[in-house]
Amino acid sequence: GAGVSQSPSNKVTEKGKDVELRCDPISGHTALYWYRQSLGQGLEFLIYFQGNSAPDKSGLPSDRFSAERTGGSVSTLTIQRTQQEDSAVYLCASSLFGTAEFYGYTFGSGTRLTVV
Amino acid sequence: GESVGLHLPTLSVQEGDNSIINCAYSNSASDYFIWYKQESGKGPQFIIDIRSNMDKRQGQRVTVLLNKTVKHLSLQIAATQPGDSAVYFCAEKTEGRRALTFGSGTRLQVQP
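Heads up: the protein sequence lines correspond to chains A and B, in order.
Residue numbers are given in our numbering: position 73 of the first sequence equals residue 56, and the series is strictly consecutive.
Quick note, our numbering runs 13 ahead of the 1-based positions in the second sequence.
Next comes chain B alone, as it looks inside the complex:
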């Protein structure tokens, strides 16, 4: 069946460094991808999204890269800050289906 997974369950970085969080997906019919950030005790918060007809999209301090050939998605956070510490989820949507499928999450820890 379809699945969305993450390579690293925990990522520890130094404050000011760049962070890269990776995600693999298996469904070739995925047409839309989202990254969410979830802080403790809160619901997931939208960070950035990308359609399958794009390979890169940039936001404020964040960049999402999509490689459809190898079904890989990454989230890059520039100049990581302590406030970036959270669990990050990738999610994908299949064309024709409304619901998102989420990965299991990566915990980002920012060391001062």
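Extracted from the complex, chain A is given alone in its bound form:
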């Protein structure tokens, strides 16, 4: 597509439920990133996928968080047993070649997750 697409745009869930957030990157972009943005804060790195390489999961805050990328394209971020502190905007970005310095990231509009 023309841009990075994320769905849903908003998600309200009850504490303890699992949620799945979807990201559809720009066609041909080999690198995909997930970030989390809490209210009034900067972006916190979660996970990075590059082609067929093992993902960099160093930013995932707990084992309740996981992500996969199928066929080198669409990615799903899953949060199990959601907690109120998981409430945030989850942003996905993609880039060519995984080298941000040449192209920068292109971000989606994010999924606003609210855990009640």
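If you're looking for bench data, these hints aren't it; they were derived computationally from the structure.
A couple of the hints might just be wrong.
Claimed, not checked - The following label-pair restraints were derived from C-beta to C-beta distances:
#1 B:Asn80 - A:Gly(-1): 47 to 57 Å
#2 B:Glu28 - A:Ser21: 26 to 36 Å
#3 A:Gly55 - B:Val83: 33 to 43 Å
#4 A:Leu22 - B:Lys84: 20 to 30 Å
#5 B:Gln89 - A:Lys0: 39 to 49 Å
To be verified - To give an idea of the interface, some chain A residues facing chain B are shown, with a C-beta separation under 10 Å as derived from the structure:
#6 Ala14
#7 Tyr18
#8 Gly25
#9 Leu26
#10 Ser41
#11 Leu74
#12 Gly93
Every residue, glycine too, gets a C-beta built ideally from N, C-alpha and C.
Fit chain B to the given chain A structure using the hints.
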């Protein structure tokens, strides 16, 4: 640990004035820096970038200055317009690492 931070959380300027948004970073291994603009309800949008082997780069109405001696980065916006109102983030990348580290953001408010 490494961090990227901003001096001013909110900057208010008059339309037509120049704006300067500052950012400090702590990681000496940072080799690439980016400024992003984020409007309400949208994802961050790339504005301008600069490599660590440069000290200045200019775009359309924007200039980024990098002072590696004091680990300081700034974004200058010329003739600020109402459409420039947004939150601005600086971000840095460490050599060998793919992910960007973002600062907490500065809100720019342009007064008519």
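May I ask you to test the interface hint for Gly93 (chain A) with respect to chain B, counting a Cβ-Cβ separation under 10 Å as satisfied?
Holds, because the Cβ-Cβ distance from Gly93 (chain A) to chain B comes to roughly 6 Å (cut-off 10 Å).
Outcome for the supplied range 47 to 57 Å, where the beta carbon pair is Asn80 (chain B) and Gly(-1) (chain A):
49 Å, holds
Go through the hint on Ala14 (chain A) and say holds or violated, using the shortest Cβ distance to chain B against 10 Å.
Constraint on Ala14 (chain A) satisfied, holds at 7 Å.
Using the beta carbons of Leu22 (chain A) and Lys84 (chain B), state whether their distance is inside 20 to 30 Å or not.
28 Å, holds
With a cut-off of 10 Å on the beta carbons, see whether Ser41 (chain A) makes it to chain B.
8 Å, holds
Grab the minimum C-beta distance from Leu26 (chain A) to chain B and call the hint holds if it beats 10 Å, violated otherwise.
4 Å, holds
Range hint 26 to 36 Å: satisfied by the CB atoms of Glu28 (chain B) and Ser21 (chain A)?
Since the Cβ atoms of Glu28 (chain B) and Ser21 (chain A) sit about 31 Å apart, the hinted range of 26 to 36 Å holds.
Falls inside 39 to 49 Å, the C-beta gap from Gln89 (chain B) to Lys0 (chain A)?
46 Å, holds
Leu74 (chain A) as chain B interface residue, shortest Cβ-Cβ below 10 Å
Hint holds; Leu74 (chain A) Cβ to chain B Cβ min 6 Å, cut 10 Å.
Verdict for Gly55 (chain A), Val83 (chain B) (Cβ pair) under range 33 to 43 Å:
With Cβ atoms ~42 Å apart, the hint holds.
Restraint satisfaction for Tyr18 (chain A) [CB to CB of chain B, less than 10 Å]:
8 Å, holds
Minimum Cβ distance from Gly25 (chain A) to chain B below 10 Å?
OK, holds: Gly25 (chain A) within 10 Å of chain B, min 4 Å.
Consistency note: the structure conflicts with none of the earlier hints.
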